[in-house]
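2 protein chains.
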Amino acid sequence: MNEFDFIRKYLHRQQQDKQLILGIGDDAAIIRPRSGYDLHFSADMLVGGTHFFPDVAPADLAHKVLAVNLSDMAAMGATPRWALLSVALPELNKDWLAAFCDALFALAARFGVKLIGGDTTKGNWVFNVTIIGETPCGKALRRDAAKVGDDIWVTGQPGLAAAALDVHWGKVVLSEPVFALCENKRLRPEPRVALGQELLPLAHAAQDISDGLAQDIGHILNASAVGAEINVDLIPTLSALKQQSTVTLSQLRQWILAGGDDYELVFTAAPTQRKAILAAAQKVSVEVTRIGVITTTDQLHLYDHKGNVIQLRQRGFDHFG
Amino acid sequence: MNEFDFIRKYLHRQQQDKQLILGIGDDAAIIRPRSGYDLHFSADMLVGGTHFFPDVAPADLAHKVLAVNLSDMAAMGATPRWALLSVALPELNKDWLAAFCDALFALAARFGVKLIGGDTTKGNWVFNVTIIGETPCGKALRRDAAKVGDDIWVTGQPGLAAAALDVHWGKVVLSEPVFALCENKRLRPEPRVALGQELLPLAHAAQDISDGLAQDIGHILNASAVGAEINVDLIPTLSALKQQSTVTLSQLRQWILAGGDDYELVFTAAPTQRKAILAAAQKVSVEVTRIGVITTTDQLHLYDHKGNVIQLRQRGFDHFG
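First to last, the protein sequences are chains Z and Y. Here the first sequence stands for residues 0 to 320, numbered as in numbering that gives the first Met the number 0. Here the second sequence stands for residues 0 to 320, numbered as in numbering that gives the first Met the number 0.
If you are wondering where the hints come from, they were derived from the structure by calculation, not from laboratory data. Accuracy of the hints is not assured; some may be wrong.
As the list claims (entries may be wrong) - With a cut-off of at most 27 Å between alpha-carbon atoms, the simulated DSS-like pairs for lysine-lysine come out as follows:
#, chain 1, residue 1, chain 2, residue 2
1, Z, Lys121, Z, Lys8
2, Y, Lys146, Y, Lys17
3, Z, Lys121, Z, Lys93
4, Y, Lys121, Z, Lys121
5, Y, Lys93, Y, Lys138
6, Z, Lys170, Y, Lys146
7, Y, Lys138, Z, Lys17
8, Z, Lys241, Z, Lys138
9, Y, Lys146, Y, Lys282
10, Y, Lys170, Z, Lys121
11, Z, Lys305, Z, Lys241
12, Y, Lys138, Y, Lys241
13, Y, Lys274, Z, Lys138
14, Y, Lys138, Y, Lys274
15, Y, Lys305, Y, Lys138
Claimed, not checked - Residues from chain Z that keep clear of chain Y, each with C-beta distances beyond 10 Å, as calculated:
#, residue
16, Asp26
17, Leu45
18, Gly226
19, Asp303
Claimed, not checked - The calculated label-pair distances, taken between Cβ atoms and stated as ranges, are:
#, chain 1, residue 1, chain 2, residue 2, range
20, Z, Gln281, Y, Thr49, 27 to 35 Å
21, Z, Asp4, Y, Thr49, 33 to 41 Å
22, Z, His11, Y, Gly137, 16 to 24 Å
23, Y, Asp297, Z, Leu180, 54 to 62 Å
24, Z, Gln298, Y, Asp4, 31 to 39 Å
25, Z, His11, Y, Gln298, 55 to 63 Å
Everything numeric in this text was worked out from a predicted model, so none of it was measured. We put the CB at the ideal spot given by N, CA and C, even for glycine.
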């Protein structure tokens, strides 16, 4: 199988889309934009050994490669529409590719995303997806839109993926069922796309948690020139994880506040929207929790339920930190 | 310097653009499309050791990373507008990055391209650019638009980059000045963007030569369900290269027909457009040459000026061939 056979066999799939004038198979794909909509563009590169283990199952990898990009669309309330996939692989292994592509197209179909292009080259396990989404003109959730007095909300239970990763690295031991729950969050993060869309008329600023809650909310604070107070004891976690005898409170908080890879959302909204936000979250079956408030300072204050300040060893992930 | 310092210091540059609603620094960039224009999307991934030598000068690498993508826009007659750059680097070396980014932004500015996003991660020398361009709705040059009786044209002198590469691989020796000319084509291909735009009302099908003329024109033939006859002696080459005593005719033809990496264009157009095409090419200072004709067969026939059929060892580059 050569490069062109691979593209023909695995990547050309029937994809109905009125705006897709020309898909895979030319020098570039052609999209006809809809009037009244802005387009969103984001790219994420996943590298073997850095972002995933060499023995990752192809279906899990395919899920993650696309999900992290879907999450960027979710964070702006955008509807993901199209994606380009560039891959560097040491060889074209049929079974591996079939499993990878099936999972990729399954997730893409579930979110209404069409694969419109990319590149296939020889190299050592690198995957880059560029994703394109839509929002009604001027309506996107932006990092620079947080307002003083906003509630701070978080989706799901951030930190579980980081706990699973620490098991892999031999830093902690978890019981098998608790590890399985955490590992599933690490391998199969569920992008909060539907919630993001629901939040468009309700929320001010939003951001997905890819590098750690404390670090990622920092981007909102910087962009909006505001501060925040967060009661870390309000951030939901898995009670079974909390109850593991091997897990200290300090370790748990480190995962919750500085663990990336869950791809939950953190967002801000006026207190008048509380009921509407809870209703929207229920509609799309996503847990949302108020964890703090936007302040006039330019600082992030983390404290526990007794009011004690929480110090972190590390605020989040930095590739070159 | 960490990942965020890098992005702030090297990638945030003032970029005026009325359609760019939000640039680098959020979960995704936002573009407001223009009414009456289609958008083109293409991605190319360059991998160290596969696409470039480990000791490549950062400015040369930056040029190539963007130029190969600009070339995809040129091949459809599209105006390149925006780009996303994902990089995997083993470390953030300030001098290297400064040289890389300066060259990248210089080329981008020359073609009116704004950098709107991407990703920075740890890994082993991988660069992926996704490029976005515009054409007036329905006017793009497509691979499936070649018509029987069309002239086949080529820009520049394809094959020089392949000759330079064979010098690096020790397969041939060239005189220093001839090697320098070939090496410059390999390191600094000049995307034929202006010509592509001029060809929009004149040409039918077009394609850039990235993997070799014979293979790349094959994509036009397949997509258009036509054949072609090409007189290989009509394809222009550097006379000084032809005159090298170390270069056989067979070797020269292999470079011309199967050497990629020059990023010249091959295109087809009705014979009635000959004068207009020559005038357009002169206007943008690009050499164009008629080398053959589109036929009713589904075959590519290559022959010399005596009418002898030319056989190739390999039609072009295939990463997994």
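Verification of the supplied hints:
no.: 1; hint: Z/Lys121 - Z/Lys8; verdict: 18 Å, holds
no.: 2; hint: Y/Lys146 - Y/Lys17; verdict: 39 Å, violated
no.: 3; hint: Z/Lys121 - Z/Lys93; verdict: 15 Å, holds
no.: 4; hint: Y/Lys121 - Z/Lys121; verdict: 18 Å, holds
no.: 5; hint: Y/Lys93 - Y/Lys138; verdict: 43 Å, violated
no.: 6; hint: Z/Lys170 - Y/Lys146; verdict: 65 Å, violated
no.: 7; hint: Y/Lys138 - Z/Lys17; verdict: 17 Å, holds
no.: 8; hint: Z/Lys241 - Z/Lys138; verdict: 39 Å, violated
no.: 9; hint: Y/Lys146 - Y/Lys282; verdict: 26 Å, holds
no.: 10; hint: Y/Lys170 - Z/Lys121; verdict: 22 Å, holds
no.: 11; hint: Z/Lys305 - Z/Lys241; verdict: 18 Å, holds
no.: 12; hint: Y/Lys138 - Y/Lys241; verdict: 39 Å, violated
no.: 13; hint: Y/Lys274 - Z/Lys138; verdict: 50 Å, violated
no.: 14; hint: Y/Lys138 - Y/Lys274; verdict: 21 Å, holds
no.: 15; hint: Y/Lys305 - Y/Lys138; verdict: 39 Å, violated
no.: 16; hint: Asp26; verdict: 4 Å, violated
no.: 17; hint: Leu45; verdict: 8 Å, violated
no.: 18; hint: Gly226; verdict: 18 Å, holds
no.: 19; hint: Asp303; verdict: 28 Å, holds
no.: 20; hint: Z/Gln281 - Y/Thr49: 27 to 35 Å; verdict: 50 Å, violated
no.: 21; hint: Z/Asp4 - Y/Thr49: 33 to 41 Å; verdict: 19 Å, violated
no.: 22; hint: Z/His11 - Y/Gly137: 16 to 24 Å; verdict: 23 Å, holds
no.: 23; hint: Y/Asp297 - Z/Leu180: 54 to 62 Å; verdict: 56 Å, holds
no.: 24; hint: Z/Gln298 - Y/Asp4: 31 to 39 Å; verdict: 20 Å, violated
no.: 25; hint: Z/His11 - Y/Gln298: 55 to 63 Å; verdict: 23 Å, violated
Violated hints for the displayed structure, listed by number in ascending order: 2, 5, 6, 8, 12, 13, 15, 16, 17, 20, 21, 24 and 25.
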